[in-house]
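Here the protein sequences line up with chains H and Z, keeping their order.
Here my numbering is used: the first residue of the first sequence is 2, the next is one more, and so on.
Here my numbering is used: the first residue of the second sequence is 1248, the next is one more, and so on.
Hints may contain errors.
Claimed, not checked - Computed list of lysine-lysine pairs in BS3-like fashion (alpha-carbon distance at most 27 Å, straight line): (1) Lys1497/Z x Lys1343/Z; (2) Lys19/H x Lys1575/Z; (3) Lys1575/Z x Lys64/H; (4) Lys1423/Z x Lys1394/Z.
These are calculated hints, taken from the structure and not from any lab test.
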Amino acid sequence: MNDELRELYQQVILDHNKSPRNFRIIEHANHSAEGFNPLCGDHIDVYLDVKDGIINDISFQGKGCAISKASASLMSSIVKGKKVKEAEVLFEKFHDLITGKYEDNSDVVELGKLAVLGGVRDFPARVKCASLAWHTMINALKEEKNIVSTE
Amino acid sequence: MSLKVQTPEKLKLDVQKIRKDFPILSQKVHGKDLIYLDNAATTQKPQAVIDELNKYYNSLNSNVHRGVHSLSEQATNAYEGSRIKVKNFINAGSEKEIIFTTGTTGAINLVAQTYGRMNLKEGDEVIISGMEHHSNIVPWQMICEEKKSKLKVIPIDDNGEIIFEEFEKLLSDKTKIVSVVYVSNSLGTINPVKKIIEKAHSFGIPVLMDGAQAVQHIPVDVQELGCDFFAFSGHKTFGPTGIGILYGKKNLLESMPPYQGGGDMIAKVTFEKTTYNELPYKFEAGTPNIADAIGLGKAIDYINEIGIKNIAAYENELLEYATNELSKINGLKIIGTAKEKSSVISFVFDDVHPHDIGTFLDFDGIAIRTGHHCTQPVMDRFNIPATSRASFSFYNTKEEIDILVISLNKVLEVFG
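Assemble the whole structure, with the sequences as input and the hints as a guide.
As structure tokens, this is what we get:
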């Protein structure tokens, strides 16, 4: 496999694609939103259980490519238990990572496992795949009922 | 699975020679030979078309229908000459029936906004099929909404074929126009257009044919088909982008109001009243896309040189070969298995998303389309978010199909 391709499809991503974490519906979710990428037809539902500004539980369901599925899976693992504010900051940093805006490498450490999606920066057409779950989560937190579109 | 074209006794098409006519095909992508299998999205341009565009801007550029000077006269002759080439290409009765538009989308919007606006009223109906490109859905939705008319959709079966009996049931005195695709861009289905037109005409209903995926694969004769409108795009026909054709029967075009107002579409203008120009100029407001219209004429010359029947026969061979080879791949399911198909193969895997396939194939130099192909209702019909689509043209080879198969098997190894 080509290096650039290997960087994009790291083992962690393939693993999360095959066995996505938190791939379920939260029956008692108090926040949820639907996300849609009209470019490729990817579709995701994100469910959250938030209490006192803390994300107690998060899950997702939907159809999408390996990048979007792995990103949703990783996102759900990393924000669970975090404050809503922290999740929002994390999204900003993550977005900077996948759009190649990172200059200071020390911040990448903060992103933890999310750093495996860094390869997306070389594939501008795939940035929307990696960010769909995050956009959807942020909208769910705002309790926006409308369908989120990455277009 | 075959085109309705007789295979010539001996194949007259020299693919290796043809490939040399297309400079882009000798390109490398990620260090690999480009294998261009996205012809349903847009086709590549032969050197002759590229040269023609250069020639126009180098030595002919001038406005048409306006000047008495030599350049304007030459540009006008080239532009109108191209119209005659188009007329002959689809065998229209007169060049007055050939209108230059921006593309198939532009042509359908023209009909919806003129014929549609003039004829639709509350409770009336427009019939389209379940396999239309968004460009033959949305223009009708827009005018139907404005006129409180209804859009009726002919359902398609699991093979991706129109259910003809359902079409017959939809026809009524409320139907004002039937607008259907000749060849489906996402399924490859070749629709029984003659039968559709005859049936609609028996109710006195005009038919628009979206020919965007037809003219580059099948010999088209609009008089033999009997359709009332026919639309196609230059860029899918080895010509430039931004140019397309609307064919319309003269009596219909004459009955229709103009689409856009401006220069060239008028005979006489005063502040009180404007008299419109005759056909086809009534529908060509403003300075037209002269260069690309001339380029399209050259693309038609090129197609004629190779012969559309030869093209159809060769592409049919590619389709059969690719269908067989792709079917051998574990877990691959072809979406669109109509009896009559054009050289388009959409496919899905249970576990691998088309987007990932597209990225992997790109690194082997293979360009395919992944996504919904501007036919979201088709994806919904088959309950899939997207497909991968390989679409072949006469410059593709069986060797390229072999590489596609190898590359797909490699993708499966990674995701398996």
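Hints and how they fare:
{"no.": "1", "hint": "Lys1497/Z x Lys1343/Z", "in the structure": "7 Å, holds"}
{"no.": "2", "hint": "Lys19/H x Lys1575/Z", "in the structure": "24 Å, holds"}
{"no.": "3", "hint": "Lys1575/Z x Lys64/H", "in the structure": "26 Å, holds"}
{"no.": "4", "hint": "Lys1423/Z x Lys1394/Z", "in the structure": "12 Å, holds"}
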